[in-house]
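Position 186 of the sequence shown, counting from 1, maps to 186 under this note's numbering, and the rest follow consecutively.
Derived lysine to any residue pairs resembling SDA-like cross-links, with alpha carbons at most 20 angstroms apart:
hint	residue 1	residue 2
1	Lys261	Arg240
2	Lys197	Gln254
3	Lys164	Thr186
4	Lys57	Val90
5	Lys58	Ile70
6	Lys200	Asn232
Derived from the structure by calculation, the hints contain no laboratory data.
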Amino acid sequence: MNAPCAIMFTPTRRTVLLILMVGCYASPVSALARQDGPPDNREAVKGLLDELADYVKKSGRDDPGDSSAIKRINQLCKEFKLSGPKDKKVIIRGLGRVFLAKRRAEKDGSQKTALFIIAARGLGGMGTDASDPLLKWIDSSRHKNDLALQRELILSLGRTKSKKARNELQDLLKDVRPTFKGAAATGLGMFAHEPSKVRKELFEDLLKALMQAKANSLGQNSTAQEIWSAINAPATSSMRKLSGGSGSSPEAWQRWWNKNKRRDWDK
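Go ahead and model the full structure; you've got the sequences and the hints to work with.
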């Protein structure tokens, strides 16, 4: 009985076979790779954004607490973590538009801030790309007198941890309004992840603001005393986070700074 004939492959046939084999293995892998990233252009996200936009256009009379709109914001914050870059971008844009809503003040004159505060907090958890919409509404003519909201916007700006946010907080630290100054001092403490050089710069800004606020508060000026009360605790806390040091008073912090400013805080 004759032995089976060996299949003969020419160089051309071997090349074709190799290409087919690679294609069989590579195609499923490539398909899986394409599916690994978070999904984009999802109907769930679009639907929530459309519903939120409808609530923003309304006066809020039918839902005085804006509970339905707040529910959509909270849902979008959850969807943000599951989204691809395109959906993340439109979610940030959608939350930024919440501040366009017109809400009348309560009968006692107080502002209806819940909707706006929840939107600000949501943006604060969405990373560096959320800096721009927050910056847009800080000290804006539409909301500048709503101090509770302004404080939340400034704190949320710090949570984005962007360089743009950091620069703005340094500027706000020089503001003469106690609420703005205190919130900026707190926000700068959120940059403890930065390298030693940057943290030293922020620390020195905080120390200067703290020393000046204390010196000014020694007089009879009530605004100066309000500024001291607003900045003392947050500046002290932020300096501790940035440096790992400690001080019981502005003077103690000044001595600590003089002793440690040339040291590498990353070691």
